[in-house]
Every structure is written in C-alpha cells, then in structure tokens.
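Work out the full structure: start from the sequences and follow the hints.
So the sequence lines, in the order shown, correspond to chains A and B. By our numbering, the letter at position 88 of the first sequence is numbered 88, and the numbering carries on one by one without gaps. By our numbering, the letter at position 213 of the second sequence is numbered 213, and the numbering carries on one by one without gaps.
Hints are computed from structural coordinates only; laboratory data are not their basis. Careful, some of the hints might be misleading.
No more than 25 Å apart at the CA atoms, straight line, and that leaves these computed lysine-lysine pairs for DSS-like [claimed, not checked]:
| # | chain 1 | residue 1 | chain 2 | residue 2 |
| --- | --- | --- | --- | --- |
| 1 | A | Lys-269 | B | Lys-216 |
| 2 | B | Lys-269 | A | Lys-216 |
| 3 | A | Lys-216 | A | Lys-269 |
| 4 | A | Lys-248 | B | Lys-216 |
| 5 | B | Lys-248 | A | Lys-216 |
| 6 | B | Lys-258 | A | Lys-248 |
| 7 | B | Lys-248 | A | Lys-269 |
| 8 | B | Lys-248 | A | Lys-248 |
| 9 | B | Lys-269 | A | Lys-258 |
| 10 | B | Lys-73 | A | Lys-248 |
| 11 | A | Lys-269 | B | Lys-269 |
| 12 | A | Lys-269 | A | Lys-258 |
| 13 | A | Lys-269 | B | Lys-258 |
| 14 | B | Lys-216 | A | Lys-216 |
| 15 | B | Lys-258 | A | Lys-258 |
| 16 | B | Lys-248 | A | Lys-258 |
All values reported here derive from a predicted model rather than from experimental measurement.
There are 2 protein chains.
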Amino acid sequence: MITLAVDCMGGDHGPRVTLAACRQFLGNHPDARLLLVGLADSLHDFSHDRATIVPATEVVTMDDPVEVALRRKKDSSMRVAIQQVKDGTAAAAVSAGNTGALMAIARYLLKTLDGIDRPAIATQLPNNEGRATTVLDLGANVDCSAEHLLQFAVMGSALVSALRDGGEPTVGLLNIGEEIIKGSEVIKKAGELLRSAAEAGDLNFYGNVEGNDIFKGTVDIVVCDGFVGNVALKASEGVAAMVIGGLKNEFSRNIFTKAAAIIAYPVLKALMTRMDYRRYNGAALLGLRGLVFKSHGSADAMAFEQALNRAYDAARNNLLDRVRTRIAHAAPLLAPADAQPRPAAATTH
Amino acid sequence: MITLAVDCMGGDHGPRVTLAACRQFLGNHPDARLLLVGLADSLHDFSHDRATIVPATEVVTMDDPVEVALRRKKDSSMRVAIQQVKDGTAAAAVSAGNTGALMAIARYLLKTLDGIDRPAIATQLPNNEGRATTVLDLGANVDCSAEHLLQFAVMGSALVSALRDGGEPTVGLLNIGEEIIKGSEVIKKAGELLRSAAEAGDLNFYGNVEGNDIFKGTVDIVVCDGFVGNVALKASEGVAAMVIGGLKNEFSRNIFTKAAAIIAYPVLKALMTRMDYRRYNGAALLGLRGLVFKSHGSADAMAFEQALNRAYDAARNNLLDRVRTRIAHAAPLLAPADAQPRPAAATTH
Chain A
1 MITLAVDCMG GDHGPRVTLA ACRQFLGNHP DARLLLVGLA DSLHDFSHDR
51 ATIVPATEVV TMDDPVEVAL RRKKDSSMRV AIQQVKDGTA AAAVSAGNTG
101 ALMAIARYLL KTLDGIDRPA IATQLPNNEG RATTVLDLGA NVDCSAEHLL
151 QFAVMGSALV SALRDGGEPT VGLLNIGEEI IKGSEVIKKA GELLRSAAEA
201 GDLNFYGNVE GNDIFKGTVD IVVCDGFVGN VALKASEGVA AMVIGGLKNE
251 FSRNIFTKAA AIIAYPVLKA LMTRMDYRRY NGAALLGLRG LVFKSHGSAD
301 AMAFEQALNR AYDAARNNLL DRVRTRIAHA APLLAPADAQ PRPAAATTH
Chain B
1 MITLAVDCMG GDHGPRVTLA ACRQFLGNHP DARLLLVGLA DSLHDFSHDR
51 ATIVPATEVV TMDDPVEVAL RRKKDSSMRV AIQQVKDGTA AAAVSAGNTG
101 ALMAIARYLL KTLDGIDRPA IATQLPNNEG RATTVLDLGA NVDCSAEHLL
151 QFAVMGSALV SALRDGGEPT VGLLNIGEEI IKGSEVIKKA GELLRSAAEA
201 GDLNFYGNVE GNDIFKGTVD IVVCDGFVGN VALKASEGVA AMVIGGLKNE
251 FSRNIFTKAA AIIAYPVLKA LMTRMDYRRY NGAALLGLRG LVFKSHGSAD
301 AMAFEQALNR AYDAARNNLL DRVRTRIAHA APLLAPADAQ PRPAAATTH
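In structure tokens form, the structure reads like this:
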C-alpha cells in the first residue's frame, strides 16, 4: 500500500480539479491510499474507502510571499500535506500551489539530504524521440555554483533511473555551445566536476548540450541553474502555445479551412496528444529527506493526476533511497558549495 | 545609394547561398550596392552593375577559435567585409560566419561606442501578435552586470525604433517571475536601473517578463544576459522544430493521413510561413561604431536575403546615429560596468 498526501487547495482551480484527479487516481491504483488535505468544508463531500480527509485551516495563495506561507500560515493545507511525509504517514506529498512557498516549507520541514545544500526542481519535457527529457533546476535556485550543478546531475540521475527501467541515464550540461571552452566560469568548472564524476562512475556525462538538445532528446537529463532552466521551460511553453494557437487560427479562418480541419482532425489530435505538456506534469523537489511533487498551477484534473502518478511511481521505486545511495557514492565530489543556500524564488506555474 | 559589404564565404553553405541571396536582394533594392567579399575563385562568375567583388585570401571556419580568426587570418572575408564599414566604403557588413569570431573582429576593428562597454547581439523572434519580439543579448556576453542589461535596453530601443515606425518600443526584463522581488541580485538591480531610465525618459520600461512573454508579444524588446538569451533562443528553435517535425510525421503516417495532408496543406503552409524562423533572420551587433549584421549559419538564400534586408533598413534609417543619440541621452545612467569586457563566447548558428 502506498500513501500520498495531497494538498487539495493548491493550484488555480483547487478542490474542483484536485478531487476529480484524486478519484481518478484511486480508481487506477488499487494499492494506493490518499490523505486529502484541505479546508474541511471544501472536502467533506468526497468519500472513498482508500481516502482520508486531513483538515487544515489555512490556504497558501499563489501570491503569498514565502515568509507569509512559512511563518504565518502554519496550518496551511500545503504545510500539513508535507508534515504527513515528515511524520511518515505519507510516502510523498503533491501540491499545485505556489512553488516558492512549497520549496521553502518542504525544505524547512524535511531538511536537505547530507551532501546536498540546495534542493532542485526537476521536470520532464517531451522530446523528438517520443521520450521525455528531465531538466533541472527549474527555479529553486536563481544562481548556482559548479558544485550545485553536480549535485543536480547526481539527483537527476537517481530520479530518472527510479522513474524508468534500465540503463544509466545520460546527463548533459546546458551551455551556449558544445565545446568545452564555452560558457561562464561556473559552467566550465561544472563541466570539469561532471567529467570527474563520470570517471568516478557516479554518472553518465555526455558533455555540453544546447537549448535545442532538450527537445532533440540528445540526453536523458539536462542540468542548468534555476534561472536558465525556468526561462528555457517558459520560452518553450510559449513557442508550443504559439504554434498550437496558430494552427487553430489557420484552421478556423474560413469554411474551407474548417472543412480541412475536420479531415485533418485525427492527425492533429495525435500530434496534440504527443506534445501535450499535461502528460509531463509533476515536477520533483529533489534533495530533501522526503518526496514532494509539484504540479503546474494551472493543471486540470488529467494533468494533476499525472503529478499523482509520478509521486506514486517515485515512492514505489524508492526514489529517496536511490538518491541517498548515489549521493553517498558521489560524496567525495559533493563538497557543500555554500553555507547559506537561497530559498526558492521562481514561479513554475 | 546604400552600400553593404557581404562576407560571401560565411555560413554552412558559403557562396552558393550568399550569392543567390545577393542577386535577389539587388533585384529588390534598386538603390543598393553590394561589396562581395571572398575568395576570388568563388566569386568571379558573379556579375552585376551594382556589385563589386572585393577579394580576400582567407576564410574563417565555423570552428576556428576566436584567437585564430582574429590574429592569424588577417585577410579573411569576414574581416575584410568589416574593414569596409570601418573605411566608410560600406554602411553595414553582413556575415553568416562564426558568431564568436564575427563579434571579436567587429569589436577589434570598429571599437565600441562611448558609454557601451559590451556590444550585444539582438535578433527578432516571431510572436503571437504576428509582430516580432526583439531579444538581446543572444550570446555575446556570457554573464552581465545590471549596467550591461541597461545598455542592452537602450540599444535595443534604438534598433526597434529604427527598424519600425512610430511609438516608443516597450522593454521587458527577462526574469523568473513578474514580481519585482524575483530573480538574482543582478536582475533586481537591473530592474531598478531600468525603472530610473524610464523615469528619465530614456526608455519605455514595462517591467519583468517571463520566457513565454517573448512569444506572447507582451513587449517589443526583451533584455537578458547572453547565456540566458542563447538558451532561450535555441530551446524555442528546438520546440518549433519538434512541433513542425511532429506535424510532418503524423501526416505522413499512412495513406489516409497523407490524403488529409493534401487537404490541410494550404492551411499548414500558411502556418509554416507565419512561424518561419527564416523570415526573422539577421541579428544586429549593437554597440559598435559601425553596423554589422549576423545571419544564421544554416541560412538558405531566402533567409540570408532577410539579413541583407535588415542591414539595408538599419543603414537607411541611420541606426548608428539613433543608438549614439540615445546612449548620449542615457549617459548619466550608463556608467561603464567593468574594465575588461569578455569577448563573444556563444554560437548562434
């Protein structure tokens, strides 16, 4: 039996979406239990023999400053959900709420793993190979040292090997050129660290990759600082939206294009499905002493269910132990990079 | 009469593409003259009453290190083309060659304008509004100070007002959230500088924007450091390629989808044309005492002609004077940010 704690209040739509996703998820996972955390009034209608309602009296809003979420709302659904993981009553927590708040609370309650001084946000993006590319960090750290980037590479490798079977995943360092001499001093140093880690057998380092390699599927994991990762993610969401939107516009232009749309529909549908960002929803907060997954704030029920699936798979495949083991193995290279890590600063919703 | 110097040897295809584009360009611009720079053997076939061949004995290759291009190949077509601008025989130079080399040579020969300590690469990307968003820097500077970002904003505003008529272009600061408190220390400080510049009437500052805003068309100009800009550009090229490629795959799957493709073709064609990156080819190297434009290395004749058009428009609209005037006006805010600017480090081809 695997138990997940769900922050039912988070996200742009709250319980309307999260509860629908939970019901769907329970239907598809007979060995799963859910702890539904939120305002009692919002959840009391929901009943399922494998769901328990855990009341919370407060809700972290999308624009609550981190300090407010962390210090003033001590009984928020987000915090209570993460507390379940700390108490061991849940194997993982899932929230579609404010990213900065989620990272700060998760970090405050769960603490980071030995050898990790900054947690990272890792998500999956669709690629040309029909597989997914895992990218981290996506906004937890606005600027990183070379050591942080190495820590991300090690944690990302653990995540990918936990979520899929077979083969040591390949890691690429996001840069502005493939050549070793390219990039800032931090990036060059990170390249050296990653090469040493590869030689030590801690990870499968491919080398530098560029922005387009994320979608080419050149490597399984792309490592970058949170600022760059966040911009790359949102820029690519922007292009996808522009192309899909353009497609809709062109097809709805007149009676003829509309006719063409009807005939082309099955084909376009197949494409949309393949490109659908919702299928890849569910970012992992890595480097903590517990599993926390972040859903896109605008997620619909289908997308939120994907985040639940991801948390379920990670828990079932002992992601936490895998990360611990890898970090322990890479310990000699993972010297803490700074004394005072920065808290989460980015929005990924 | 406007004269452009063309590095005919640059790019993945060299004269085959550049000369075809030049012929097309001359046909469309009766008041333009071209100085065709390159190896005599490669150019001798080309003849046009408004084209003059300027021989060069060397060629900078795509993987020549900057030092080699700068110090060892003193008679390269790239360098000779830029020399024409320095000598005043050409109003602008255009090359599809190695970006790092082009920036280094342009900087060495032309020098930067007073008040600018780092030139920037500015390019246009298609947006939802059917207009273009100008993004800079795209790879000339791997990491920037707040002052550099302000310089980019001022130069970008001059570029956009030179290339289009009417209205003071809006400037957005690329960040990981819209809120003022978001981002690194450099970004926050840049935000303050940009606000002061707006109050002083030096530019029209919108505020922070995120990666997707580039394609939403939220602002006319998006300012970021060269590392972030280069990653965002390539990531978005990657997504566009993935979606377009996916579309082709889905339509060529079987006889039925192929039939659908024939019917949907005009619609898809319209979309492709709107999204076509080639239409936006031609990046400006800003901040130098002369106009230099960079074409995508893989440009075909149509795309290279766009770069020529852009250089022509910039020259005709006195981009250089506009940049000078704006910089002079913003001088009080444009304190040099560092003594030793870094050379170009990114590939944009």
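Open item on the list: Against the 25 Å threshold, does the CA-CA distance of Lys-216(B) and Lys-216(A) hold or violate the hint?
Closed with: Measuring from Cα to Cα gives roughly 24 Å; hence the hint holds.
Task: Lys-269(A) paired with Lys-216(B) [C-alpha distance capped at 25 Å] - done: The given pair, whose Cα atoms are some 23 Å apart, holds under the 25 Å limit.
- [ ] Please work out if Lys-248(B) and Lys-248(A) have their alpha carbons no farther apart than 25 Å.
- [x] Since the Cα atoms of Lys-248(B) and Lys-248(A) sit roughly 17 Å apart, the hinted pair holds (cutoff 25 Å).
Task: Straight-line alpha-carbon gap Lys-248(B) to Lys-269(A), limit 25 Å - done: With a Cα-Cα distance of about 13 Å, the restraint between Lys-248(B) and Lys-269(A) holds, given a limit of 25 Å.
Open item on the list: For a C-alpha distance cap of 25 Å, please report whether Lys-248(B) and Lys-258(A) respect it.
Closed with: 20 Å, holds
Task: Satisfaction of hint between Lys-269(A) and Lys-216(A), Cα-Cα up to 25 Å - done: Since the Cα atoms of Lys-216(A) and Lys-269(A) sit roughly 21 Å apart, the hinted pair holds (cutoff 25 Å).
Task: Agreement of Lys-258(B) and Lys-248(A) with the hint, judged by alpha carbon distance not exceeding 25 Å - done: With Cα atoms ~20 Å apart, Lys-258(B) and Lys-248(A) stay inside 25 Å; holds.
Open item on the list: Please verify whether Lys-258(B) and Lys-258(A) have alpha carbons no more than 25 Å apart.
Closed with: 18 Å, holds
Open item on the list: Check whether the Cα positions of Lys-248(A) and Lys-216(B) lie no farther apart than 25 Å.
Closed with: At roughly 16 Å apart (the allowed maximum being 25 Å), Lys-216(B) and Lys-248(A) satisfy the hint.
Open item on the list: With the threshold set at 25 Å, check whether the alpha-carbon distance from Lys-248(B) to Lys-216(A) stays at or below it.
Closed with: 16 Å, holds
Open item on the list: Please verify whether Lys-269(A) and Lys-258(B) have alpha carbons no more than 25 Å apart.
Closed with: 15 Å, holds
Open item on the list: Can you confirm whether the C-alpha distance between Lys-269(B) and Lys-258(A) stays at or below 25 Å?
Closed with: 15 Å, holds
Of the numbered hints listed earlier, the single one contradicted by the structure is hint 10.
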